[in-house]
Amino acid sequence: MNQHILSVLVENKSGVLARVSGLFSRRGFNIESLAVGTCETPDMSRITIVVDGDDTHIEQVKKQLNKLIDVIKITDITENEHVERELSLIKVHADPGIQRSEIMQVAGIFRANIIDVSQKALVLEITGDSEKILAIKDLLEPYGIIELVRTGRVALQRG
Amino acid sequence: MKTGAALLIDSLKEEGVKVIFGYPGGSVLPVYDELYDSDLRHILVRHEQAAVHAADGYARASGKVGVCLSTSGPGACNLVSGIATANMDSVPVVALTGQVPTGMLGNDAFQESDITGITMPVTKHNYLVKDAKEIKRVVSSAFHIAGTGRKGPVLIDLPKDVLTQAVDPKDVLSKDAELRGYKPTLKGHSRQIKKALDMIYEAKKPLVYAGGGVISSGASEELKEFAELFCIPVTTTLMGLGAIPCDHPLNLGMLGMHGTEYANYAVTECDLLIAVGARFDDRVTGNIKYFAPNAKIIHMDIDPAEIGKNVCPDVPIVGDAKLVLSELCKMAEKKGCFCEPWVKQVKTWRENHPLAIADDGKLHPQYVIRKLSEILDSGGIIVSEVGQNQMWAAQHYGFRRPRQWISSGGLGTMGFGFPAAIGACFAKPGETVVVIAGDGSFQMNIQELGTVAQYEVPLKMVILDNMYLGMVRQWQELFYDRRYSYTELPPVDFVGIAKAYGIKGMLVDSVKEVEPALRKAVDYEGPYLLDFRIEREENVFPMVPAGAAISEMIGKHCKNAGEP
Ligand SMILES: Cc1ncc(C[n+]2csc(CCOP(=O)(O)OP(=O)(O)O)c2C)c(N)n1
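Just so you know, the sequences run in chain order C and Z. Position one of the first sequence corresponds to residue 192 (the numbering used here), numbered consecutively onward. Position one of the second sequence corresponds to residue 1366 (the numbering used here), numbered consecutively onward.
No lab work stands behind these hints, which were simulated from the structure alone. Fair warning: there could be bad hints in the mix.
Claimed, not checked - List time: in silico DSSO-like cross-link candidates among lysine-lysine, alpha-carbon distance up to 30 Å:
1. C/K253 x Z/K1709
2. Z/K1709 x C/K264
3. C/K264 x Z/K1793
4. C/K258 x Z/K1367
5. C/K254 x Z/K1793
6. Z/K1535 x Z/K1383
7. Z/K1793 x Z/K1378
8. Z/K1559 x Z/K1709
What the hints assert, rightly or not - Some residues of chain C that are not near chain Z, with every Cβ distance over 10 Å (derived):
9. N193
10. E202
11. G206
12. R210
13. T247
14. I263
Where a beta carbon is used, it is the ideal one built from N, C-alpha and C, also for glycine.
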């Protein structure tokens, strides 16, 4: 089992995401993460799909995706040099006082931004690869994570 | 100004459509109103499922795209099995459905269904048209997608307000649709073809395994030329029947679950399997671990996703069977039969293990099929239903040419055959079209007798009537200790029903009546129904039990086909 990152260029039309995700569920492929948005040209979207599977499994995924009329191009960027990021927002329990300053310190080390402050909680914004996000999550866990949301990974080939 | 409905009719005509099969309703009334004084021929069926099967049968018989039309909601939903049937067998069909007005989409309006959502997994592609300006573009793309590459069904959903929308001709979007994500590979890679040739030269026991892809690409001449060039025996799938003539010396008939013994032995023994337009379906391979266990594999298919899906080939070739095979023949240097002992071996198997039928004076279905084949001189178009009738027809009719055999292979849809045969009659007027049905399957779309009667469709209906859901009963007999749970059907007076529709028919319950009855039906100018009361517990043999190796057949060359 390997993790593959597929960058899928599709027509920017309604129903395309349903076709793509439907194909995965229908064939029992599990999507690890999925991120979608318009790209450099407004009539296309780029979907970044992270999927687990052995090589033959991934080969099938790619071939099946390629059969969709609205899919323009698929690049498996796992093997190539690439950059990848995801964004996460973490709402963490933070009483004013020592606790709060500790959390702010952690945020500083991870270059996370604090984007909301209230009596009882802070909201942190962090970008990075998955490991970084998991690492800060682990560190914040003892304070009490109230809510956490991740965008899913986006990736681009280098160069 | 032109309405969406008028643009639709124009587009269909531009695509060369002559006949469509449909059923009206509120949301498609604008189209029906246009049809009223159009010269497009519309055939009114009695159930939408029959409309799509008829379009499918039309497509399979003619090689052109079949078209059906239904209203929204219930009408559209009734198309689903038929669309899935066409999808599984890669048949080019364009299904047109009415839809509630765009303003009501998603509101659970009266007779609304999300038919594009529902059919997404069973169409090659589908469209929801939101503006009448797009109709021409969408229709031409739909026909292009349905009829090229690996063919398949495309659905176009048309909201009522789009059908009534008036468009200035200068605003109509041009037809040449841009399909940048759709570029089927037709030409096989020449290096791969070279590799395949080298492998063929090295083989001692090569075998061709030809599927429906050969039929849909029109590659049967090339297949024959290729097989003859090297003297390689050919076995076909259920969908590939007719790809090579029944009496060709290299033809081994069908392989798989109900394949011939000799074909299944040949696959098990071969050292090179050349799959052409076939997809290693489980009904063909049996337990895949023991399928062609000693063979290297060359796999040619137009659909790259089929390659490596079930087996991993040594040489994959993506491309259209016709082009790839003719390229193979062209590039071949060494020619001639270099595996004589193998061909002889296969011939011996064929002589020693023929498909036999009992000769005990009882009315056996296999006999009916063989007589039919004899009377039609292996001509005509044979459409089957699903079940034992289908397998008997596949085994015992002698097919000579492609598009002569029409059957639901991938989905195995009961109720397919009768309406598909009606479609075939419209595709090939002047040809004798026969539907071979079980009493169960025939009753799944029996209402189409109404269509046959109304249009005087000269279809010959042969019912192999065992008063059972025979194929299921067979499995119950063999694997469920003869516990016939809900598979017995009471006798039906099919001839009486036909008569009620004004159709002629005859009940046949003895061997000696078979030939005269068949002759009478074939010679009769209009539709004719024959109800053959066959041996009730006849089985289809040989049979590979599910999960077994295909060499492990039961009921092998038994003289009395009733006993395994
Ligand atoms: C729509 C549908 N429902 C159920 C089945 C399962 N099935 C396969 S064969 C068969 C029995 C067919 O009986 P009949 O049409 O009488 O033909 P026979 O096998 O007796 O020739 C059934 C129920 C099916 N293939 N299609």
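Evaluated hints:
{"no.": "1", "hint": "C/K253 x Z/K1709", "in the structure": "violated, 43 Å"}
{"no.": "2", "hint": "Z/K1709 x C/K264", "in the structure": "violated, 50 Å"}
{"no.": "3", "hint": "C/K264 x Z/K1793", "in the structure": "violated, 41 Å"}
{"no.": "4", "hint": "C/K258 x Z/K1367", "in the structure": "violated, 35 Å"}
{"no.": "5", "hint": "C/K254 x Z/K1793", "in the structure": "violated, 37 Å"}
{"no.": "6", "hint": "Z/K1535 x Z/K1383", "in the structure": "holds, 27 Å"}
{"no.": "7", "hint": "Z/K1793 x Z/K1378", "in the structure": "holds, 19 Å"}
{"no.": "8", "hint": "Z/K1559 x Z/K1709", "in the structure": "holds, 27 Å"}
{"no.": "9", "hint": "N193", "in the structure": "holds, 17 Å"}
{"no.": "10", "hint": "E202", "in the structure": "violated, 7 Å"}
{"no.": "11", "hint": "G206", "in the structure": "violated, 7 Å"}
{"no.": "12", "hint": "R210", "in the structure": "violated, 6 Å"}
{"no.": "13", "hint": "T247", "in the structure": "violated, 7 Å"}
{"no.": "14", "hint": "I263", "in the structure": "violated, 4 Å"}
Violation of the numbered hints given earlier is confined to hints 1, 2, 3, 4, 5, 10, 11, 12, 13, 14; the remaining hints are satisfied by the structure.
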